[in-house]
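Novice: What follows is the residue order along each chain.
Protein chains: 2
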Amino acid sequence: MSGTLYGIGLGPGDPELMTLKAHRLISSARVIAYPAPDTGPSFARSIAARYLPETVREIPIIVPMRVERFPAQEIYDKAAEEIAAVLESGKDVITLCEGDPFFYGSFMYLFERLSGHFPCEIVPGVTSLTACAAQLLRPLTSRMDILTVIPGPLPDEDIRTRIETAQSLAIMKVGRHLPRLKALLAEMGLLDQAGYVERASLPDQKVSRLADVPDGPAPYFSMILIYKGDEAWTLPPSFSS
Amino acid sequence: MSGTLYGIGLGPGDPELMTLKAHRLISSARVIAYPAPDTGPSFARSIAARYLPETVREIPIIVPMRVERFPAQEIYDKAAEEIAAVLESGKDVITLCEGDPFFYGSFMYLFERLSGHFPCEIVPGVTSLTACAAQLLRPLTSRMDILTVIPGPLPDEDIRTRIETAQSLAIMKVGRHLPRLKALLAEMGLLDQAGYVERASLPDQKVSRLADVPDGPAPYFSMILIYKGDEAWTLPPSFSS
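As given, the protein sequences belong to chains B and E, one line each in that order. If you're matching positions, the first sequence starts at 6 in the working numbering and goes up one per residue. If you're matching positions, the second sequence starts at 6 in the working numbering and goes up one per residue.
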């Protein structure tokens with residue numbers, strides 16, 4: 006009997022926002038895998054750290070941050086090989102994933118390599134999408150709203166048409182695209198409806214109206230939320246926390 | 006000092022998919038509120054039931070299922086009044102919400118009535134969106150995908166244009182609209198890329214290709230997920246669980 010490959014969503018960053026199931030599986034893990042940059046610690050591992058057994062075997066998947074063409078295929082090939090050997094020996098591998106494994110997650114690079122060969126189970130997690138809405142204290146979607154989620158690196162033209170036809174919008178992975186996106190939203194007259202959240206649920210999170218965010222690059226874990234559906238949910242001019 | 010109004014996301018249904026934070030707040034709750042139909046038990050309460058203190062005071066918000074114009078404004082006016090009185094007395098009110106309070110949740114009917122007057126905190130939860138993707142064992146979104154979430158009751162024309170321009174689609178609240186939506190997707194040649202999940206994470210969940218779902222109405226908690234981005238993620242003909 007081979008082991009099971011688990012993709013475990015750990016939520017947006019606050020360890021208390023992981024699920025009871027994630028907590029149970031992590032607390033009894035024998036082998037874990039997780040993505041890590043070559044420049045510092047793994048975010049996913051840091052969320053789980055306090056619950057990991059001392060004897061756990063760790064398989065870090067170290068992805069160079071300088072590589073242009075993400076994902077680094079060879080790195081995931083090698084990691085999948087190492088994980089496959091563990092699964093073949095009958096042990097489960099618990100893959101730690103920030104947010105949810107299937108919501109813009111790097112877990113899919115393992116999943117596409119291993120899911121045809123081994124049993125897989127996904128434990129869904131709280132996404133940054135609703136974590137950011139919670140911090141903004143503004144509903145993300147309601148009633149018959151259409152929600153559109155857009156990666157920030159896409160070109161302006163793609164983003165503009167999506168904004169025009171949605172009631173609720175989230176722009177993910179804002180990062181260095183912040184000044185461009187802010188200019189686009191200002192031009193479309195939507196700055197007053199746009200909220201900004203950086204590192205949601207972490208001690209150093211930032212929450213504000215987009216209009217109040219200084220220009221310049223934002224961190225990778227930053228999001229713009231726009232609500233066009235209901236005037237009552239316009240962010241007040243004084244809003245920030 | 007007034008109490009705080011909490012909106013607590015409990016996840017899609019499996020009690021183990023609630024967060025550690027939701028678990029902590031529910032376990033020590035003195036007053037809870039939750040929506041319930043007049044025809045049976047409250048789904049949100051059933052997710053939390055095993056963790057509720059015996060002495061907890063309960064404020065059910067009973068919404069008649071026969072009312073055409075949801076939400077029943079007077080019912081939420083009255084519930085907000087009762088909850089306001091508790092908050093004024095200095096006690097917190099823990100509102101139980103299936104999924105996430107701000108993701109198509111009825112919590113907003115309380116939030117819009119009370120958030121201007123009392124401190125509010127939202128605890129995000131796992132949404133049905135990623136819970137369904139987990140059960141389908143197919144990534145919801147990756148890389149630079151645009152994700153669109155559409156309420157099933159919307160007319161065909163609205164849905165069709167959204168499907169044409171997105172890589173990843175979720176159609177929520179399928180319910181009695183199932184035959185119409187299935188016909189639309191068949192006409193668009195997308196049946197093979199469409200998965201269907203009903204009551205995700207509950208013991209009686211159903212997971213299958215949309216093509217294999219019998220015609221006729223589906224339950225309210227049912228979803229269609231369509232992935233157009235990557236051929237590798239087409240559901241195999243034999244898929245079902």
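Read the hints as simulated data drawn from the structure, not as lab findings. Some hints could be false.
Which copy? The list can't say, so a pair holds if one copy fits it or any two copies do.
[Unchecked claim] Calculated lysine-lysine pairs in the DSSO-like style (CA-CA distance at most 30 Å, straight line):
#, residue 1, residue 2
1, Lys233, Lys211
2, Lys96, Lys211
3, Lys233, Lys178
4, Lys96, Lys178
5, Lys233, Lys83
These numbers were taken from a predicted model, which means no experiment stands behind them.
Novice: State for each hint whether it applies.
Specialist: Taking the hints in turn, this is what the structure says about them:
In this homomeric assembly, lysine 233 and lysine 211 come within 30 Å of each other (Cα to Cα) only inside a single copy, at 22 Å, whereas the closest approach across copies is 34 Å. Proximity of lysine 96 to lysine 211 under the C-alpha cut-off of 30 Å is restricted to the inter-copy arrangement: shortest distance 28 Å between copies versus 40 Å within a copy. In this homomeric assembly, lysine 233 and lysine 178 come within 30 Å of each other (Cα to Cα) both inside a single copy, at 21 Å, and across copies, at 21 Å. For the identical chains of this complex, lysine 96 and lysine 178 are neighbours neither inside a copy (35 Å) nor across copies (39 Å), given an alpha-carbon limit of 30 Å.
Taking CA atoms no more than 30 Å apart as the test, lysine 233 paired with lysine 83 passes between copies only; the shortest distance there is 28 Å, against 45 Å inside one copy.
The structure is inconsistent with hint 4 alone, although it conforms to all the rest.
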